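Asker: Residue numbers (our numbering), protein chains in the order written: chain A, 4 to 230; chain B, 52 to 301; chain C, 404 to 618.
Honestly, the hints are just simulated from the structure, not real lab data. On a predicted model such as this, the values are computed, not experimentally measured, just so you know. Every residue, glycine too, gets a C-beta built ideally from N, C-alpha and C. Check before you lean on any hint, since a few could be wrong.
[Said to hold, decoys possible] Interface residues of chain A toward chain B, partial, derived using beta-carbon atoms under 10 Å: (1) 120; (2) 125; (3) 128; (4) 129; (5) 130; (6) 133; (7) 140; (8) 148; (9) 220; (10) 221.
[Said to hold, decoys possible] Some chain B residues flagged as far from chain A (calculated, every beta-carbon gap over 12 Å): (11) 78; (12) 117; (13) 176; (14) 183; (15) 186; (16) 188; (17) 266; (18) 299.
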Amino acid sequence: MSYQFDFSFLAERWPDFVAGAWLTIQLTVLSIGLGFLVGTVCALVRVYGGAAPRRLVGFYVEMIRNTPLLVQIFIVYFGLSSIGLKLSAETAAVIALAVNMGAYTTEIMRAGIQSIQRTQLEAADCLGLTRLQAIVHVVLLPAMERVYPALSSQFVLLMLASSITSQISAEELTAVANNVQSDTYRSFEVYIVVAVVYLGLSVLYRFGFWAIGLVLFARKRRLGTAL
Amino acid sequence: MPADKGTDAIVRISDVIKEFGALRVLDGVGFDVALGQTVAIVGRSGSGKSTLLRCIAGLETIQGGRIEVCGHEVGRPGSAARAQLRRDVGMVFQSYNLFPHLTVERNITLALTLVKKQSRDAARQQAAEVLRLVGLTDKIDSYPEQLSGGQQQRVAIARSLALSPQVMLFDEVTSALDPELTAEVLAVMEDLARRGMTMITVTHEMAFARRVADLVVFMHKGKVWEIGPAAELLAKPRTPEFTQFVSSEL
Amino acid sequence: MIQLNSNHLLYLVTAAQWTVLLSLIAFAGGALVGLPIALMRVSKVAALRLVASAYIQLIQGTPLLIVLFLSYFGLGIMGYKLAPLVAAGVALTLYAAAFLGEIWRGCIEAVPRTQWEASDCLGLNRFQQYAYVVLPQAMRIAIPPTVGFMVQIVKNTSLASVIGFVELARAGQIVNNSTFEPFVIFVVVGAIYFVLCYPLSLAARALERKTNAGR
Numbered sequence: 004m005s006y007q008f009d010f011s012f013l014a015e016r017w018p019d020f021v022a023g024a025w026l027t028i029q030l031t032v033l034s035i036g037l038g039f040l041v042g043t044v045c046a047l048v049r050v051y052g053g054a055a056p057r058r059l060v061g062f063y064v065e066m067i068r069n070t071p072l073l074v075q076i077f078i079v080y081f082g083l084s085s086i087g088l089k090l091s092a093e094t095a096a097v098i099a100l101a102v103n104m105g106a107y108t109t110e111i112m113r114a115g116i117q118s119i120q121r122t123q124l125e126a127a128d129c130l131g132l133t134r135l136q137a138i139v140h141v142v143l144l145p146a147m148e149r150v151y152p153a154l155s156s157q158f159v160l161l162m163l164a165s166s167i168t169s170q171i172s173a174e175e176l177t178a179v180a181n182n183v184q185s186d187t188y189r190s191f192e193v194y195i196v197v198a199v200v201y202l203g204l205s206v207l208y209r210f211g212f213w214a215i216g217l218v219l220f221a222r223k224r225r226l227g228t229a230l
Numbered sequence: 052m053p054a055d056k057g058t059d060a061i062v063r064i065s066d067v068i069k070e071f072g073a074l075r076v077l078d079g080v081g082f083d084v085a086l087g088q089t090v091a092i093v094g095r096s097g098s099g100k101s102t103l104l105r106c107i108a109g110l111e112t113i114q115g116g117r118i119e120v121c122g123h124e125v126g127r128p129g130s131a132a133r134a135q136l137r138r139d140v141g142m143v144f145q146s147y148n149l150f151p152h153l154t155v156e157r158n159i160t161l162a163l164t165l166v167k168k169q170s171r172d173a174a175r176q177q178a179a180e181v182l183r184l185v186g187l188t189d190k191i192d193s194y195p196e197q198l199s200g201g202q203q204q205r206v207a208i209a210r211s212l213a214l215s216p217q218v219m220l221f222d223e224v225t226s227a228l229d230p231e232l233t234a235e236v237l238a239v240m241e242d243l244a245r246r247g248m249t250m251i252t253v254t255h256e257m258a259f260a261r262r263v264a265d266l267v268v269f270m271h272k273g274k275v276w277e278i279g280p281a282a283e284l285l286a287k288p289r290t291p292e293f294t295q296f297v298s299s300e301l
Numbered sequence: 404m405i406q407l408n409s410n411h412l413l414y415l416v417t418a419a420q421w422t423v424l425l426s427l428i429a430f431a432g433g434a435l436v437g438l439p440i441a442l443m444r445v446s447k448v449a450a451l452r453l454v455a456s457a458y459i460q461l462i463q464g465t466p467l468l469i470v471l472f473l474s475y476f477g478l479g480i481m482g483y484k485l486a487p488l489v490a491a492g493v494a495l496t497l498y499a500a501a502f503l504g505e506i507w508r509g510c511i512e513a514v515p516r517t518q519w520e521a522s523d524c525l526g527l528n529r530f531q532q533y534a535y536v537v538l539p540q541a542m543r544i545a546i547p548p549t550v551g552f553m554v555q556i557v558k559n560t561s562l563a564s565v566i567g568f569v570e571l572a573r574a575g576q577i578v579n580n581s582t583f584e585p586f587v588i589f590v591v592v593g594a595i596y597f598v599l600c601y602p603l604s605l606a607a608r609a610l611e612r613k614t615n616a617g618r
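Generate the whole structure from the sequences, applying the supplied hints.
Answerer: What follows is the structure, given as structure tokens:
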């Protein structure tokens, strides 16, 4: 094999990669936050809600989990604009990613919430806590602690999946790579660089969620045992 | 000696009917509990004694009859301001039901800050006080899993006490504990009774009932089968069912 | 502008066959590479564990889309002028192998230690222990999550569209280029994916219930 690797494009284009990575971080932090919120509410509905809302959430979850993110992104971006709702690529990306994240969060958090025994709610009731107070203080935090490993790996998966939003030309990391490679014809090298950046980002995210876990779960921080 | 055991009933139970589907668990249950009294409800499993306690706590709705606690009605949908009932009645469970993710102190202060709207400092003071009552001052910063079953149950009692209830309900609180741990929990309860707390306790501990209770209620098949002053009733059971029960428990 | 018609639908359904074929290639390849990865992960040799673990970390820390590009352009510069199907097949194999390897490692480790000890006492060698005692048990545990992962494979074949392989998602884009009805078309495309994936999801759940009930 006589291929000569050439990474010289980096000298000129590195700011593009930095900008792309920064947009990837912004898009994914936003959609993880929104998706987590949506998913947590849906999970509560799934466990404690009435029959009709429960079915509705079930429909949403199955729809999202059984279709490709790429198609979901196309529906949000091209689809909504064709029926009169014009969105910027970045907005469409955040919406599609958050909706996707929400469905997975629903399933994960549902398992967590179901692992909290009903007697915990009864105890909270006997202490005079309202239903909402009980859910916030007695259910959600320990539920989240139980499923936090699954939750944070899903968050990392979403960050990686955000590369798909390059297909509607949200100018995140992968889209930057596409641009640079079409300018320089150094396709293989460009994607190696981007792969390394993504690897760095996943390490960063994993560390970040680990740190957030430490802050959130005081008991685990002190005892180190699983709840 | 108990403080002021008046004749004023603080809990009135009359003709209570509770059904789970077709199954009638409580079938016309009724008795009164006076201020400062300690009542022991005994009976075999399935006799309806725990269900009755849960009805008094407002955890179950009843299909017939009436339960009145501190002057307000319990157990009917929409009856009694729930918040008021919660202020008046404390409940301790067989399985402790401490919140595993919170420290002992936070278990106690949670309701004080959220429900009673006390400041964090006032709540902390209150927590320290009730923990002293149950003899667990040194465990204030521990998490439930770091405590023995008996200690957890004492924290659960302290957690209820902190809300200064008028009536305390105990649902087989020692059933999950080893004998020596049972003793430490019973000692706390006995102390409470001496201080004049009105208590209704579902229990298997006949010795405790004999020593501490003012009134013993023997339940059988969803009915109050026998009721009377502890010493008298336990010494001379009137029905064959209670006779058999007493002898089997001793 | 051309109205969406039955020819378009026929075209989409034909393309869906390529989605299925690519999924099968990815699953077969993933299983073939994934099993050794799983075995390396539980190996007694530290170096093997390290290699397998590094491979999994690498693939699971890189977007599949980038793996696809690397496969497509990488095979290209190595002098192979390959059909997109091969490039996509290679990328999806690498991807599936990492995830299946990790899933199956968990299943092997879920077989109780006592099974190893018992078979050791019977004089079975390491290979026999795997072949006759551990893997048959691990396989039963592995079926539900493996079927569940097949859903991920089917969905992720849609990414092959970006290197020009005409499967279902790419076919949707092509139809859209002539009809300009993206909402309808991509909903239809999504529905076809749903028809492919949902039975797998249901099967995974049913199998999981059966496995749990059996314990």
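Asker: So, against the hints stated earlier in the document, which numbers end up violated here?
Answerer: When the structure is compared with the hints, none of them turns out to be violated.
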